[in-house]
Amino acid sequence: MSLQKSLLDQDKLTDTVLDTIISLILAALAIYIFVIFLALTGNQIIFDGFFTNIFTVYFTNPSRIGNVLYWATPLILTALAVAIAFQAGLFNIGGQGQMALGGVFTAAWGAVIIKNLYRSTKLTILYSPLFLIPTSLLIGFIAGAIFGFIPGWLKAKTGAHEVITTIMLNQIASSVVKYLVGSSEYSPFISQSQYGYSQTDPINEGARLGKIFNSSDNYLHWGFLISLLVLLIIHIVIYRTNFGFQLRAVGFNKEAAEAAGINSDRMIIYAMTLSGGVAGLAGATFIMGTYPYKYFVDFQGTLGFDGIAVSLIAQNSPLGIAIAAIFFGYLTQTQTNLSVTQIPGDLIFVFQAWVIIFAVAPNLSRMIYHRKKRIAAEEQEARASEESDSSEPETKEELI
Amino acid sequence: MTTVTESSKTPLAEMFQRVKSNSLLRVLLRIFIFIEIIILILYLTNQVFLQTPIINPISFHRWIWEDILSTFTFAQMLLAAMPIMLTAMGATFNERAGNINIGLEGIMIWGAWTAVYVTYVTNNPFLGALAAVFAGAMIGLLHAIMTITFKAEQIVTGVAINLLALGMTQVLTLQIWGKQFTPTVNKMQPIKIFEIPVLGPILKVFSFETYYNVPVIGGFLKGIPDIVGALNNKHPLIYIGLLLIPLCHILLFKTNIGLRIRVIGEHPQAAATAGINVHKYQYFAVILSGALAGLGGAVLSIGNNNIYKSGIVGGRGFIALAAMIFGKWTIIGSALASMLFGYFFSLNINLSITVPAFSIPPPLVNTIPYIVAILALAGFIGKARPPKHIGKPYDPTED
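Those protein sequence lines, which keep their order, are chains A and B. Under numbering that gives the first Met the number 0, the residue at position 213 of the first sequence is numbered 212, and the numbers go up by one with no gaps. Under numbering that gives the first Met the number 0, the residue at position 340 of the second sequence is numbered 339, and the numbers go up by one with no gaps.
Hints are computed from structural coordinates only; laboratory data are not their basis. A portion of the hints provided could be inaccurate.
Partner residues are not named here, just some residues of chain A that face chain B (Cβ under 8 Å, in silico) [what the hints assert, rightly or not]:
id, residue
1, I35
2, F90
3, N115
4, L153
5, A159
6, Q170
7, Y178
8, Y185
9, P187
10, L227
11, L231
12, H234
13, I235
14, Q351
15, I356
Calculated pairs, BS3-like style, for lysine-lysine (alpha carbon to alpha carbon, straight line, at most 27 Å) [to be verified]:
id, chain 1, residue 1, chain 2, residue 2
16, B, K191, B, K178
17, A, K253, B, K327
18, B, K387, A, K253
19, B, K387, A, K156
20, B, K327, A, K156
21, A, K156, A, K293
22, A, K253, B, K150
23, B, K391, A, K156
24, B, K253, B, K327
25, B, K150, B, K191
26, B, K178, A, K253
27, B, K308, B, K178
These numbers were taken from a predicted model, which means no experiment stands behind them. C-beta atoms are modelled at their ideal positions from N, C-alpha and C, and glycine is treated no differently.
From just these sequences and the hints, can you work out the full model?
Below, the structure is given as structure tokens:
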């Protein structure tokens, strides 16, 4: 459990930064080799504008940087969801489904339910942003939290493995969403106007989060600040409160925590519920801040799954999550950039996979390096130097 | 078996007693109770959507059971269950060796793609299936290197393998064919088992279809599933998969190799003390698991279909993990559980067509296999105990 150990040591910031940089370099190398391999083997994909779209476009068009932050907004929250569960020793893969449900219920609240409420009560406060924005966020949170509570409860009460239950709930969530907005035959929240099926009406203007920069191709909205605020709150809750201490104690050693009088079952349920809720918030802010301000099918893309990678690379530290989310936001925006070219955007998945694989590797290579050092201390020095010469290239980079 | 005498001499005897599997009959009884619970949930959900009139629960019960027992559902079940079953049996091997691999989904994707690619190049679906097995084993090897040698977090590596398979197959499909999906290839031709020389007529004796014209008995036989009839006219991978059930069971539960794999999952330090090379057997189990998952992917792409397109695997790798846990980490149990899931996939299609006044919206009907999986995991069928040392890398310096 190298990850869990390292997240308890908050001092090892430089190590973490070094690890992250090494893993990014290795992943970039891996993708570079793959791209060259593709370019050599065939001519189907034309690599015109590859460098422009992954790099220089961000300097020639500054609004693209705003879009990087725009993509980072949901990623911060989905990564935070994974990190919260991880602190309690749980692994929440359900971010995808929780985010979808958060989005669909926020859209349903802002577009359908609030309209019906207004019709029956005629209260103008219902349409004011002061009421609508907090309630919309809350609805998103609750919707996600329910789908976090279920695996948490099952884990605590029956021992069902949360990885598999959350994966199953992802599938169920996508079906539930299809039911809610899929077809005019049975869906309660579907758009009644000319917009057709698989989407809701646009949400009420009071529930929308405005853009920070008034520019048509810069999508950055105030949800980014909300996500940073949530990041700060969760950080304080996890590291500065009694509740957070109990949560981490359960994650660190469940038996020891129980012996100290902590109700571990309850903490597992709390952690998963909070985790699901934060993932639901990701969906809510996305719907509230993104044109055309309505739910449309698969709006979440792979943002929920990307959150896992972000959290793992950041080793669950809040500052790390912010940085890694911006990096993955850059990857997602690059994927969007590439969509105008012949280059497949799916290349980004391959890149993400290598980032994750190498994100684990530096820890391990360091571990191997330490063991080698121990053996070296025991044996003769001359023989030890021979060994380190024949060690792997990863270890060498670590030494540099 | 020699293994028992060998074990009784060692202090590990108690552990070997514990890893023995449960009896078949009890599992079957639990499945029956489980189906009854599902029918009850279906009835109540249906009534919520229908509102009025209230359907007679007894006739609803009978309609559902008619679908449940129809030969057609069973015939479709085999096709739907086989990819899950092969992967679940593979998962049993690596989990028994103490290794979690949620990258099996990715391995299935990779196997499905490789099978189509090799079949496209060679025009021979059998070579495609072999290539899928090899490709699956290679990805299994990657997982093994990462988790066993480098002691990486096993779930993290699994997530990475899933992403890798998703991205690579999409990019390669675009690179090779210039489209989002592959062209259609030669699929495996179904075998008519009743026309096989010698074996065919013998099997025909056991098929109920032969007696449908006999008075009294014929009418009765039409109401119960014709298992041998359901086996007829399937592609070869189905028969290979069915043959692999006893083979895998013998390998894991009746041989020394299997015994060692199981001991490693329970207590690797003890196994190492007994002179077992822990890493060697873990590598073997994880690679074998990858190979089986690769074959599972091939069943999907060149057995049941003749094309690879994204989303063809659709979470079956994860369902396989659920099936394996449902089957209590045994081969027979995993196979039966996979059959159950495959069965629910095929039942879904039938229910909305054949049951009168069935008014649950299709998306919600599609959740049934997943709800079944969750209920199964939650231990409605009785508590299951995972191998003790699961998910943790074996470090010889510990203890």
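Comparing the hints with the structure gives:
no., hint, result
1, I35, "violated (13 Å)"
2, F90, "holds (6 Å)"
3, N115, "violated (20 Å)"
4, L153, "holds (5 Å)"
5, A159, "holds (4 Å)"
6, Q170, "holds (5 Å)"
7, Y178, "holds (4 Å)"
8, Y185, "holds (4 Å)"
9, P187, "violated (10 Å)"
10, L227, "violated (26 Å)"
11, L231, "violated (26 Å)"
12, H234, "violated (22 Å)"
13, I235, "violated (27 Å)"
14, Q351, "holds (5 Å)"
15, I356, "holds (5 Å)"
16, B:K191 to B:K178, "violated (35 Å)"
17, A:K253 to B:K327, "holds (24 Å)"
18, B:K387 to A:K253, "holds (16 Å)"
19, B:K387 to A:K156, "holds (19 Å)"
20, B:K327 to A:K156, "holds (18 Å)"
21, A:K156 to A:K293, "violated (37 Å)"
22, A:K253 to B:K150, "holds (22 Å)"
23, B:K391 to A:K156, "holds (23 Å)"
24, B:K253 to B:K327, "holds (17 Å)"
25, B:K150 to B:K191, "violated (48 Å)"
26, B:K178 to A:K253, "violated (50 Å)"
27, B:K308 to B:K178, "holds (10 Å)"
The structure shown violates the earlier hints numbered 1, 3, 9, 10, 11, 12, 13, 16, 21, 25 and 26.
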